[in-house]
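Q: Place chain C on chain U using the hints.
Chains as they are written, first to last, in this note's numbering: chain U, 487 to 865; chain C, 487 to 865.
Just so you know, the hints here were simulated from the structure itself, not pulled from any lab data.
Only a predicted model underlies this, so the values are computations on that prediction, with no experimental measurement involved.
Be careful, since some hints might not be right.
Which copy? The list can't say, so a pair holds if one copy fits it or any two copies do.
Capping the alpha-carbon separation at 27 Å, the derived lysine-lysine pairs in BS3-like fashion look like this [claimed, not checked]:
| # | residue 1 | residue 2 |
| --- | --- | --- |
| 1 | Lys-823 | Lys-544 |
| 2 | Lys-732 | Lys-830 |
| 3 | Lys-830 | Lys-544 |
| 4 | Lys-849 | Lys-731 |
2 protein chains.
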Amino acid sequence: MECQNYGLSRSIERENLNLNPLQRGGILPAAAREALYDFGDGYSVCDYCAGRLDEIAKPSINGFLEDLAKFINVDAVRTVHGAREGKFAVVHALCKPGDTMVVDGNAHYTTHLAAERNGVNMVEVPNTGAPEYEITPEKYKETLENAIDEKGEIKLALLTHVDGDYGNLTDAAKIGKICQDAGVPVVLNCAYSMGRLPIDAKAMNMDFVVGSGHKSMAASGPIGVLGMTAEWEELLLQRSSRHAKKEIEMLGCTSRGAPIATLMASLPYVMERVSKWDEEVQQARNFVEKMEEIDGVVQVGVKPTQHDLVRFETPAFHEIAQKHPRRGFFLYEELKKRKIVGIKRGQTEWFKCSVYGMTPDQKDYVAGAFHEIAETALD
Amino acid sequence: MECQNYGLSRSIERENLNLNPLQRGGILPAAAREALYDFGDGYSVCDYCAGRLDEIAKPSINGFLEDLAKFINVDAVRTVHGAREGKFAVVHALCKPGDTMVVDGNAHYTTHLAAERNGVNMVEVPNTGAPEYEITPEKYKETLENAIDEKGEIKLALLTHVDGDYGNLTDAAKIGKICQDAGVPVVLNCAYSMGRLPIDAKAMNMDFVVGSGHKSMAASGPIGVLGMTAEWEELLLQRSSRHAKKEIEMLGCTSRGAPIATLMASLPYVMERVSKWDEEVQQARNFVEKMEEIDGVVQVGVKPTQHDLVRFETPAFHEIAQKHPRRGFFLYEELKKRKIVGIKRGQTEWFKCSVYGMTPDQKDYVAGAFHEIAETALD
Numbered sequence: 487m488e489c490q491n492y493g494l495s496r497s498i499e500r501e502n503l504n505l506n507p508l509q510r511g512g513i514l515p516a517a518a519r520e521a522l523y524d525f526g527d528g529y530s531v532c533d534y535c536a537g538r539l540d541e542i543a544k545p546s547i548n549g550f551l552e553d554l555a556k557f558i559n560v561d562a563v564r565t566v567h568g569a570r571e572g573k574f575a576v577v578h579a580l581c582k583p584g585d586t587m588v589v590d591g592n593a594h595y596t597t598h599l600a601a602e603r604n605g606v607n608m609v610e611v612p613n614t615g616a617p618e619y620e621i622t623p624e625k626y627k628e629t630l631e632n633a634i635d636e637k638g639e640i641k642l643a644l645l646t647h648v649d650g651d652y653g654n655l656t657d658a659a660k661i662g663k664i665c666q667d668a669g670v671p672v673v674l675n676c677a678y679s680m681g682r683l684p685i686d687a688k689a690m691n692m693d694f695v696v697g698s699g700h701k702s703m704a705a706s707g708p709i710g711v712l713g714m715t716a717e718w719e720e721l722l723l724q725r726s727s728r729h730a731k732k733e734i735e736m737l738g739c740t741s742r743g744a745p746i747a748t749l750m751a752s753l754p755y756v757m758e759r760v761s762k763w764d765e766e767v768q769q770a771r772n773f774v775e776k777m778e779e780i781d782g783v784v785q786v787g788v789k790p791t792q793h794d795l796v797r798f799e800t801p802a803f804h805e806i807a808q809k810h811p812r813r814g815f816f817l818y819e820e821l822k823k824r825k826i827v828g829i830k831r832g833q834t835e836w837f838k839c840s841v842y843g844m845t846p847d848q849k850d851y852v853a854g855a856f857h858e859i860a861e862t863a864l865d
Numbered sequence: 487m488e489c490q491n492y493g494l495s496r497s498i499e500r501e502n503l504n505l506n507p508l509q510r511g512g513i514l515p516a517a518a519r520e521a522l523y524d525f526g527d528g529y530s531v532c533d534y535c536a537g538r539l540d541e542i543a544k545p546s547i548n549g550f551l552e553d554l555a556k557f558i559n560v561d562a563v564r565t566v567h568g569a570r571e572g573k574f575a576v577v578h579a580l581c582k583p584g585d586t587m588v589v590d591g592n593a594h595y596t597t598h599l600a601a602e603r604n605g606v607n608m609v610e611v612p613n614t615g616a617p618e619y620e621i622t623p624e625k626y627k628e629t630l631e632n633a634i635d636e637k638g639e640i641k642l643a644l645l646t647h648v649d650g651d652y653g654n655l656t657d658a659a660k661i662g663k664i665c666q667d668a669g670v671p672v673v674l675n676c677a678y679s680m681g682r683l684p685i686d687a688k689a690m691n692m693d694f695v696v697g698s699g700h701k702s703m704a705a706s707g708p709i710g711v712l713g714m715t716a717e718w719e720e721l722l723l724q725r726s727s728r729h730a731k732k733e734i735e736m737l738g739c740t741s742r743g744a745p746i747a748t749l750m751a752s753l754p755y756v757m758e759r760v761s762k763w764d765e766e767v768q769q770a771r772n773f774v775e776k777m778e779e780i781d782g783v784v785q786v787g788v789k790p791t792q793h794d795l796v797r798f799e800t801p802a803f804h805e806i807a808q809k810h811p812r813r814g815f816f817l818y819e820e821l822k823k824r825k826i827v828g829i830k831r832g833q834t835e836w837f838k839c840s841v842y843g844m845t846p847d848q849k850d851y852v853a854g855a856f857h858e859i860a861e862t863a864l865d
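Chain U extracted, bound-state conformation:
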């Protein structure tokens, strides 16, 4: 048989400014590109393995995990295949089918799937609705207490640190404390925060944190981070009864190849960028301000934004789409002409975007392009 042509080239990131928030935090710095080159083959990190991935000394996965644990302030940390796989492992270790967990109403779909795959029911903390869609500590507390009253026991709580719909940053420390006071272990989904902004799991009163290498830690996918306090190590990292070195929830080893090499190579770069998060937020706010100068473009979610992922309602562009010969495709196409990508084809009523990691000039160029399109698309 002959293989089809899979079109295996990707120049989108080299030739354009990509506004897709999913892609902004996963771009490799030079050091990670070098690691990718050296560790591209199959089981490349396993040359000197004595049975435990987390203890490999060459390359120094053990040293890396020590640094990573300090960086996010947890007692133990493992790499997993992504934030979702980290959440699944926590739910799997702590809950039985039929149990109930509490999750915030802005949780990523993979939180729902991690629960569903484990047969665990969810009680959801509603957000405040339009226009802010905020998860408040008060509502979290009320929902958690009601759930405990009703179900008797809540095995686990989950909070999304920064959600992927609005880029809202939740008050993790306060909600962590609420869960702690209620005696409910709590996991923080940091897929959009770890690697972008500082994470201090203990200061946030979290039992577990999960992060995403490909989403926010400048690593090749798929890879994630699962951090925990000492009290959970025994349960989460329990060894096999038959293979004494192997951790059951990890299925022995997790990241066996290029993704962990890139995550390791990127850590110094990620630590540096995290230290400049305040500047990045200020620039995101400036970007929002410029975007909102367009009549009919409004940021939704908490304002001023606390994250680079921002969501706009854009009746301005939707009105143009009604009259434009290219209809809803005009926005995508006009942006593409200007070497800007990452807004879905056909989408004009609203969109999410991020200019994270772009230079100030690039950010201005993007905002300027939207202005120009709003003003001239129907000319």
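A: What follows is chain C alone, placed relative to chain U:
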């Protein structure tokens, strides 16, 4: 904080001949190196995703999965993070905690962990013991029937196609038929076969097959293959009740990055090399023959070998170790001098190795080096 130096360079594969069987099948061909370069960033394959990884058309993941399904003759196929994660998904979907499955006695440790993580008990089919350690259809049948008698119901059977200890190739077609006749669904672990030798899941009467991209399909880790017949699609690929596009056992999406790009790029190369498997086996036999010319080196496992992974008992080298000033380290060090790696430091009583994918001259050079060491190490 300052990061430690992780020693993130790897020249072992560029500068030496690597006998580690784990590494032989995962070396990237040029096309996969190009894909690695283009798809190195984070979520690189997700630019044009409409919610289903397996349906992405650019790059053509959907076309690739069609080809892959044909290549191994299954009705449906997904990529997972590795063979172990594929086995876990099958056990998770088919079994409940407390259920029993039958596995062969040469199964990889990750088979045991996939069962243990699911709380599933195992009944093991013993191998024939020294020197062949074979899993026979007769013994599989007997064990399966006894298990059914004793437990009432066996939810799943697993067979290791080629084991990682002896490189024995099991009679999958016959054992598949035995399971089929007993009404027990069966999964074939092809981690050491898919990508090296032809796999025809239907001809082998298998309900499921799993493979490993990093072990045997010339792909960057971590990635695996999970193939199944049509009758299992509904269960294994069941969609979320809440997110209609998302498959629960896959947690939505699995391989989101470089590993799938390299697996795709390597498929034509892998198909080509699989077609030459008979030659490769012949060369492995020649290699064994040359090795056994050394007095005190004997291949164990089924003879003549049916796979490139071969295990030798090596009293010849163990005796030298007793007298050598470097004791057990001499073999590793003598090989290293000759630019040969992949035998563990200190190991002299026995070792596993593979010369898969090396040129005939390189294979001769390796066998010659062992001869030379046996003859001269104590000079």
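Q: Does each hint hold? Answer for all of them.
A: Evaluation of the provided hints:
no.: 1; hint: Lys-823 with Lys-544; verdict: between (47 Å within a copy, 20 Å between copies)
no.: 2; hint: Lys-732 with Lys-830; verdict: between (43 Å within a copy, 19 Å between copies)
no.: 3; hint: Lys-830 with Lys-544; verdict: between (42 Å within a copy, 14 Å between copies)
no.: 4; hint: Lys-849 with Lys-731; verdict: neither (49 Å within a copy, 34 Å between copies)
In summary, the one numbered hint that this structure violates is 4.
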